[in-house]
Amino acid sequence: MAFKTIFISIILEALPFILLGVLLSSFLHVFVSADTIRKWTPKQPWLGIPFACLLGIVFPLCECGMIPVVRRLLRQGMPLYVGITYLLAGPILNPVVFASTYMAFRAQSEIVYSRMALGFVTAAFIGWVIYRFVSGLPLKSSPAHGANHHHHHHHEPAASAEYSGGTGVQLFSLRRWGSVISHASDEFFEMGKYLLLGAFLTAGIQTILDRDILAAVADSSWTAHLFMVGFAYLLSICSTSDAFIATSFQGIFSAGPLLTFMVFGPMLDFKNTLMFLAAFRLRFVLLLLCLITITTLTFSIVWEEWVLDWLKINLAVR
Amino acid sequence: MSEASKTSIHALVRAIILFGFTLYILYLNEQGTLNYYIAPRMELYVKLAGMALYALSIQQALHAYRSWKHRTVDQSCSSCSSAPQGTWWKHTGIYMFFLFPLALGLFTPDTALGSQLIERKGMNFAASSNLQSSAPKPNSAVLQDEADYQQPQTQPQQPEVPTTSGTVTDNTFQASDGSSSNDRDDHASSGDDTAASSMEQPDNQLIDDLTVSEGSLTEEELALLFPEDNALFAGYAKYARTVYNDEIIEVPEHSYTEVLTTLDLYKHTFAGKSIRISGFVYKPDELESDQFAISRYAMQCCSADAAPYGVLSSYPRASSLEEDSWIEVTGTIQTTTMNETEVLAIEVLKVRSIEAPDDPYVYPNFDFGL
Numbered sequence: 001m002a003f004k005t006i007f008i009s010i011i012l013e014a015l016p017f018i019l020l021g022v023l024l025s026s027f028l029h030v031f032v033s034a035d036t037i038r039k040w041t042p043k044q045p046w047l048g049i050p051f052a053c054l055l056g057i058v059f060p061l062c063e064c065g066m067i068p069v070v071r072r073l074l075r076q077g078m079p080l081y082v083g084i085t086y087l088l089a090g091p092i093l094n095p096v097v098f099a100s101t102y103m104a105f106r107a108q109s110e111i112v113y114s115r116m117a118l119g120f121v122t123a124a125f126i127g128w129v130i131y132r133f134v135s136g137l138p139l140k141s142s143p144a145h146g147a148n149h150h151h152h153h154h155h156e157p158a159a160s161a162e163y164s165g166g167t168g169v170q171l172f173s174l175r176r177w178g179s180v181i182s183h184a185s186d187e188f189f190e191m192g193k194y195l196l197l198g199a200f201l202t203a204g205i206q207t208i209l210d211r212d213i214l215a216a217v218a219d220s221s222w223t224a225h226l227f228m229v230g231f232a233y234l235l236s237i238c239s240t241s242d243a244f245i246a247t248s249f250q251g252i253f254s255a256g257p258l259l260t261f262m263v264f265g266p267m268l269d270f271k272n273t274l275m276f277l278a279a280f281r282l283r284f285v286l287l288l289l290c291l292i293t294i295t296t297l298t299f300s301i302v303w304e305e306w307v308l309d310w311l312k313i314n315l316a317v318r
Numbered sequence: 001m002s003e004a005s006k007t008s009i010h011a012l013v014r015a016i017i018l019f020g021f022t023l024y025i026l027y028l029n030e031q032g033t034l035n036y037y038i039a040p041r042m043e044l045y046v047k048l049a050g051m052a053l054y055a056l057s058i059q060q061a062l063h064a065y066r067s068w069k070h071r072t073v074d075q076s077c078s079s080c081s082s083a084p085q086g087t088w089w090k091h092t093g094i095y096m097f098f099l100f101p102l103a104l105g106l107f108t109p110d111t112a113l114g115s116q117l118i119e120r121k122g123m124n125f126a127a128s129s130n131l132q133s134s135a136p137k138p139n140s141a142v143l144q145d146e147a148d149y150q151q152p153q154t155q156p157q158q159p160e161v162p163t164t165s166g167t168v169t170d171n172t173f174q175a176s177d178g179s180s181s182n183d184r185d186d187h188a189s190s191g192d193d194t195a196a197s198s199m200e201q202p203d204n205q206l207i208d209d210l211t212v213s214e215g216s217l218t219e220e221e222l223a224l225l226f227p228e229d230n231a232l233f234a235g236y237a238k239y240a241r242t243v244y245n246d247e248i249i250e251v252p253e254h255s256y257t258e259v260l261t262t263l264d265l266y267k268h269t270f271a272g273k274s275i276r277i278s279g280f281v282y283k284p285d286e287l288e289s290d291q292f293a294i295s296r297y298a299m300q301c302c303s304a305d306a307a308p309y310g311v312l313s314s315y316p317r318a319s320s321l322e323e324d325s326w327i328e329v330t331g332t333i334q335t336t337t338m339n340e341t342e343v344l345a346i347e348v349l350k351v352r353s354i355e356a357p358d359d360p361y362v363y364p365n366f367d368f369g370l
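Here the protein sequences line up with chains F and C, keeping their order.
Under the numbering used here, the first residue of the first sequence carries the number 1, and numbering increases by one thereafter.
Under the numbering used here, the first residue of the second sequence carries the number 1, and numbering increases by one thereafter.
Hints were generated in silico from the structure; no laboratory data involved.
Heads up, the beta-carbon is just placed ideally off N, CA and C, and yes, glycines get one too.
A hint or two may mislead.
[Said to hold, decoys possible] Which residues of chain F face chain C? A few of them, derived with a C-beta cut under 7 Å, are:
1) M1
2) K4
3) I10
4) I11
5) L12
6) L15
7) L19
8) V134
9) I181
10) S182
11) K193
12) L196
13) I245
Based on the sequences and whatever the hints tell you, model everything.
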């Protein structure tokens with residue numbers, strides 16, 4: 001019965017965030033034109049990437065809400081590398097996650113800052129790789145939108161063309177809000193099924209996986225880091241609460257693997273791979289998967305080796 | 001079947017599912033079992049989500065009605081989307097998947113997490129381990145003997161000696177070590193017998209010397225025992241001072257983990273004091289037959305992140321206690337060694353069985369020690 005408790009609790013916890021995500025995404029779809037987004041996004045990558053990394057401070061969404069929003073932004077003309085950078089950095093570099101990490105690691109502020117910095121560096125690096133090496137938009141055309149095009153051709157373009165003028169004036173149009181809600185429920189069902197599957201499997205893993213095996217893994221640095229990647233992937237908890245899970249491992253694991261857990265988890269986990277697959281083409285998802293895994297692992301090991309101790313001493317002196 | 005009537009059926013099914021989730025949230029709220037799944041500070045968001053779901057379901061229902069009415073006419077409603085593509089069995093599968101948690105939620109009893117899951121989650125016997133930079137490791141044993149009861153205050157300033165330690169870390173380490181021995185001199189010269197006696201307690205040994213609890217201490221003595229010299233521990237030190245003279249130290253629900261952390265931080269100083277604590281019984285295989293753990297789950301957001309906290313208790317009639325039953329325990333604080341870590345323990349004097357509390361979990365108290 002513990003399975004049910006965890007399964008339902010993950011769904012209940014994620015519901016507000018995924019709803020916020022789909023509502024925001026639908027709002028962007030209906031009210032904000034592609035032109036506006038293109039105008040607001042910096043053109044140069046050296047500006048665009050930091051911009052995307054810090055966008056999470058203004059739009060603090062966690063990973064469940066993030067994917068529908070980013071998919072929408074990409075459809076509306078945000079460059080791919082900016083979208084992906086936001087997708088990766090957003091769930092880490094945002095005030096909600098900072099607060100929860102700070103709460104969890106009150107004693108070791110170096111971990112809190114390390115998490116934020118590593119999130120920034122990793123996302124920026126991946127964004128740069130995508131800027132250099134990926135061209136085209138690897139978005140999947142979703143069934144719902146295919147149908148839209150099929151039936152009334154005027155509908156989808158209308159969203160950007162007809163509304164692109166004075167959007168502010170029509171903010172109170174009832175029909176417009178009706179279509180926000182309608183889009184939101186389309187996306188809710190599209191994204192929700194992956195959330196449900198993720199919650200189902202996570203609950204299964206949490207009730208089956210024994211934590212005693214972990215201590216053996218924690219011995220060597222490499223296996224500890226690798227294990228944390230795998231664990232974060234399977235556990236699929238929201239980035240707003242994963243810091244608390246990380247603290248519960250403190251006795252067993254050192255700060256490095258915990259950082260890996262807290263940087264990798266928000267960027268990539270089981271639940272959000274499924275959501276990625278709903279939004280992006282398979283090949284791109286695989287590329288992203290490899291990129292994220294290799295980059296976070298390398299960066300976090302390097303960070304542990306050379307930066308963490310230095311940071312710790314400097315913060316302690318203060 | 002026409003496209004419009006398909007759309008209508010889809011919208012209807014969606015409306016029902018969305019409304020189902022709204023009802024489920026309402027139902028949990030009415031039953032008072034929402035807190036089995038979600039921390040109180042998250043409940044507002046879940047309720048708001050329930051309202052949003054309700055709005056979505058109303059819209060879908062209207063959409064279903066409109067599509068049905070227009071099913072013979074050419075569909076011209078521009079604000080509504082049409083039926084998703086795909087075969088009917090695929091959609092049925094997906095909708096069933098959405099109905100599954102609802103069915104599971106409504107037709108099986110709501111239960112809070114219990115001892116069953118502790119083995120998987122891993123029990124936290126040392127509440128203060130979150131505050132200390134790392135669990136004591138065998139090679140740092142010397143350091144611990146030296147610092148002994150002052151360890152909580154001085155440890156954060158001492159960077160862990162990393163395996164690849166450079167000269168800089170070594171220096172810092174030396175410096176703080178020196179200051180900690182100065183502290184000790186201060187205590188010794190103040191003639192504080194209690195402090196001295198607890199300091200001389202050898203590590204890893206059960207303290208059954210009850211003289212520590214005799215008489216109550218003055219403000220100054222308390223200030224020496226629990227100095228507020230470190231911002232990190234100030235809250236705990238402050239709390240420790242307010243309860244040290246209590247006849248029985250209570251572990252209240254509203255700051256359960258915080259009080260346990262305080263006691264665990266200053267376990268050598270508190271050894272011998274009386275304690276009253278409640279929780280459920282947990283008896284894993286690795287404990288002796290006269291031992292059990294009195295435990296609570298501490299929850300941050302939802303039960304997926306709930307972490308079990310426990311205090312090792314020794315009680316001759318431990319075998320008579322039923323696993324998962326709720327009890328209130330009165331006993332004496334001790335320390336004991338578990339998996340090479342020194343932890344807080346209770347020698348149980350009295351056990352009283354109690355009703356399971358309305359809220360099975362405990363939550364972090366962010367106002368603690370302010």
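Hints and how they fare:
With a least beta-carbon distance of about 5 Å to chain C, the hint placing M1(F) at the interface is held under the 7 Å criterion. Using the Cβ-Cβ criterion of 7 Å, the hint placing K4(F) at the interface with chain C is satisfied: the shortest such distance is roughly 6 Å. Evaluation of the I10(F) hint against chain C yields a held restraint, the C-beta minimum of about 5 Å falling below 7 Å. A cut of 7 Å between beta carbons decides the hint on I11(F): the least distance to chain C is about 6 Å, and the hint holds.
For L12(F), the interface hint holds, the least distance from its beta-carbon to any beta-carbon of chain C being 5 Å, beneath 7 Å. Given hint, L15(F) at the interface with chain C, holds; its Cβ is 4 Å from that chain's nearest Cβ, closer than 7 Å. Because the smallest distance between the Cβ of L19(F) and any Cβ of chain C comes to about 5 Å, under 7 Å, the interface hint for this residue holds. Interface restraint check: V134(F) against chain C, minimum CB-CB distance 28 Å, threshold 7 Å, status violated.
For I181(F), the interface hint holds, since its Cβ comes within 7 Å of a Cβ in chain C; the closest pair sits about 4 Å apart. At its closest, the beta carbon of S182(F) sits 6 Å from a beta carbon of chain C; the interface hint therefore holds under the 7 Å criterion. A distance limit of 7 Å between C-beta atoms decides the matter here; for K193(F) the minimum to chain C is near 5 Å, and the interface restraint holds. Taking 7 Å as the C-beta cut-off, the interface hint given for L196(F) holds, the closest approach to chain C being about 6 Å.
The restraint placing I245(F) at the interface with chain C holds, with a minimum CB-CB distance near 6 Å, inside the 7 Å limit.
Figure legend: structure checked against the earlier numbered hints; the only hint not met is number 8.
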